[in-house]
Amino acid sequence: MDSILVGKYEGEYQNGLYHGKGKITYGKNSYEGTFFNGQMHGEGKMTCEEGVYKGYWVEGKLVNGCYVYSDGLEHKKVTHRAWDYCSNNDPRFYTEVKDGIKNGDELRDTTAHDYGHLTPKDCFDTIDGYYDVLKHAVFDYKTGEIVRTPNQTEIDWIIANCRVGKGFAVN
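Residue numbers (the UniProt record's numbering): 1 to 171.
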């Protein structure tokens with residue numbers, strides 16, 4: 001059985017899998033910490049260009065810890081739940097958090113692109129279109145054509161993480 005993670009690995013093995021203390025580097029990213037059966041598991045630190053995840057991992061997922069951006073902005077906490085900002089709970093973008101805009105204040109950055117203001121009421125802005133919960137599809141902002149039909153996992157992610165429309169009509 002091969003290890004689940006692929007990259008340059010230095011560390012302990014068990015039964016041909018990364019297991020125990022080690023470090024894996026893949027591209028410009030790295031993880032240093034403990035592994036279990038080929039996955040990040042236990043205390044560790046993942047470093048990428050944009051910042052560092054530090055905390056406790058279970059079966060390859062960060063379940064408790066924090067994220068520190070490369071400019072020093074620290075996300076208050078990472079848990080097994082979705083992050084609290086850039087979501088329905090807190091729709092601010094990273095730049096708004098960094099610039100001191102409070103949750104509940106009027107948002108400065110309405111979207112990461114030019115069409116977010118066109119998101120229909122109760123639909124979700126997915127950047128490449130908008131997800132309509134009643135029609136179970138992502139539609140193109142310009143043409144209104146179906147971009148894709150997401151599976152349940154993606155639908156759950158969209159609802160938990162994407163901005164919801166406030167009632168504007170699509171042209």
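A portion of the hints provided could be inaccurate.
[To be verified] Simulated pairs of lysine to aspartate or glutamate, DMTMM-like, Cα-Cα distance not exceeding 20 Å:
no.	residue 1	residue 2
1	Lys61	Glu32
2	Lys23	Glu43
3	Lys54	Glu32
4	Lys135	Asp156
5	Lys45	Glu10
6	Lys135	Asp122
7	Lys142	Asp128
8	Lys23	Glu12
9	Lys142	Asp122
10	Lys28	Glu49
11	Lys77	Glu43
12	Lys121	Asp132
13	Lys23	Glu74
14	Lys142	Asp99
15	Lys8	Glu74
16	Lys135	Glu154
17	Lys8	Glu32
18	Lys166	Asp99
19	Lys28	Glu10
20	Lys166	Asp140
21	Lys61	Asp156
22	Lys77	Asp128
23	Lys23	Glu10
24	Lys142	Asp156
25	Lys54	Glu74
26	Lys21	Glu32
27	Lys121	Asp99
28	Lys135	Asp99
29	Lys121	Asp140
30	Lys45	Glu32
31	Lys21	Glu50
32	Lys45	Asp99
33	Lys61	Glu50
34	Lys21	Glu10
35	Lys61	Asp71
36	Lys23	Glu50
37	Lys77	Asp99
38	Lys61	Glu145
39	Lys23	Glu49
I should point out that these hints are in silico values taken from the structure, not numbers from a laboratory.
Hint by hint, here is what the structure shows:
1. Taking the CA atoms of Lys61 and Glu32, the gap is near 14 Å; set against the 20 Å cutoff, the hint holds.
2. Proposed proximity of Lys23 and Glu43 is supported: the alpha carbons are some 12 Å apart, at most 20 Å.
3. Restraint check for Lys54 and Glu32: satisfied, since their Cα atoms lie roughly 10 Å apart, inside the 20 Å limit.
4. With a CA separation close to 15 Å, the supplied pair Lys135 and Asp156 stays within the 20 Å bound.
5. Among the hinted pairs, Lys45 with Glu10 is consistent with the structure: their alpha-carbon atoms are about 15 Å apart, no more than 20 Å.
6. Note on Lys135 and Asp122: the hinted pairing holds, with a Cα-Cα distance of about 12 Å set against a maximum of 20 Å.
7. A C-alpha spacing of about 10 Å is found between Lys142 and Asp128, which places the hinted pair at or below 20 Å, so the restraint holds.
8. Annotation: proposed proximity of Lys23 to Glu12 holds, straight-line Cα distance about 9 Å (limit 20 Å).
9. At roughly 18 Å between alpha-carbon atoms, Lys142 and Asp122 fall within 20 Å of each other, so this suggested pair holds.
10. At most 20 Å may separate the alpha-carbon atoms for a hinted pair to count; Lys28 and Glu49 meet this at roughly 7 Å.
11. Of the supplied pair hints, the one linking Lys77 and Glu43 holds, its CA atoms being roughly 15 Å apart against a limit of 20 Å.
12. Among the hinted pairs, Lys121 with Asp132 is consistent with the structure: their alpha-carbon atoms are about 9 Å apart, no more than 20 Å.
13. Note on Lys23 and Glu74: the hinted pairing is violated, with a Cα-Cα distance of about 23 Å set against a maximum of 20 Å.
14. Distance check on the hinted pair: Lys142 and Asp99 sit about 31 Å apart at the alpha-carbon level, beyond 20 Å; violated.
15. Taking the CA atoms of Lys8 and Glu74, the gap is near 28 Å; set against the 20 Å cutoff, the hint is violated.
16. Annotation: proposed proximity of Lys135 to Glu154 holds, straight-line Cα distance about 15 Å (limit 20 Å).
17. Restraint check for Lys8 and Glu32: satisfied, since their Cα atoms lie roughly 12 Å apart, inside the 20 Å limit.
18. Annotation: proposed proximity of Lys166 to Asp99 is violated, straight-line Cα distance about 24 Å (limit 20 Å).
19. For the proposed pair Lys28 and Glu10, the alpha carbon gap of about 16 Å is at most 20 Å, so the pair holds.
20. For the proposed pair Lys166 and Asp140, the alpha carbon gap of about 18 Å is at most 20 Å, so the pair holds.
21. Taking the CA atoms of Lys61 and Asp156, the gap is about 17 Å. The hint holds against a cut of 20 Å.
22. A C-alpha spacing of about 29 Å is found between Lys77 and Asp128, which places the hinted pair above 20 Å, so the restraint is violated.
23. Taking the CA atoms of Lys23 and Glu10, the gap is about 5 Å. The hint holds against a cut of 20 Å.
24. Using a Cα cut-off of 20 Å, the hinted pair Lys142 and Asp156 is violated, with the two alpha carbons roughly 25 Å apart.
25. For the given pair, Lys54 sits about 11 Å from Glu74 by alpha-carbon distance, which is consistent with the 20 Å threshold.
26. Of the supplied pair hints, the one linking Lys21 and Glu32 holds, its CA atoms being roughly 8 Å apart against a limit of 20 Å.
27. At roughly 28 Å between alpha-carbon atoms, Lys121 and Asp99 are farther apart than 20 Å, so this suggested pair is violated.
28. Restraint check for Lys135 and Asp99: not satisfied, since their Cα atoms lie roughly 37 Å apart, outside the 20 Å limit.
29. The straight-line distance between the Cα atoms of Lys121 and Asp140 is roughly 15 Å, inside the 20 Å bound, and the hint therefore holds.
30. Taking the CA atoms of Lys45 and Glu32, the gap is near 5 Å; set against the 20 Å cutoff, the hint holds.
31. For the hint linking Lys21 to Glu50, the alpha-carbon distance of about 24 Å lies beyond 20 Å, and the restraint is violated.
32. Between the alpha carbons of Lys45 and Asp99 the distance comes to roughly 27 Å, so the proposed pair goes past 20 Å and is violated.
33. Only pairs whose Cα atoms come within 20 Å are accepted, and Lys61 paired with Glu50 is accepted, the gap being roughly 18 Å.
34. For the given pair, Lys21 sits about 9 Å from Glu10 by alpha-carbon distance, which is consistent with the 20 Å threshold.
35. Proximity of Lys61 to Asp71 is assessed by CA-CA distance (about 24 Å); at most 20 Å being required, the pair is judged violated.
36. For the hint pairing Lys23 with Glu50, the CA-to-CA distance comes to about 19 Å; that is within 20 Å, so the pair holds.
37. Between Lys77 and Asp99, the direct Cα distance comes to roughly 19 Å. Compliance with the 20 Å bound is thereby established for this hinted pair.
38. A threshold of 20 Å between alpha carbons decides the hint, and for Lys61 with Glu145 the separation of about 35 Å lies outside it, so the pair is violated.
39. Taking the CA atoms of Lys23 and Glu49, the gap is near 17 Å; set against the 20 Å cutoff, the hint holds.
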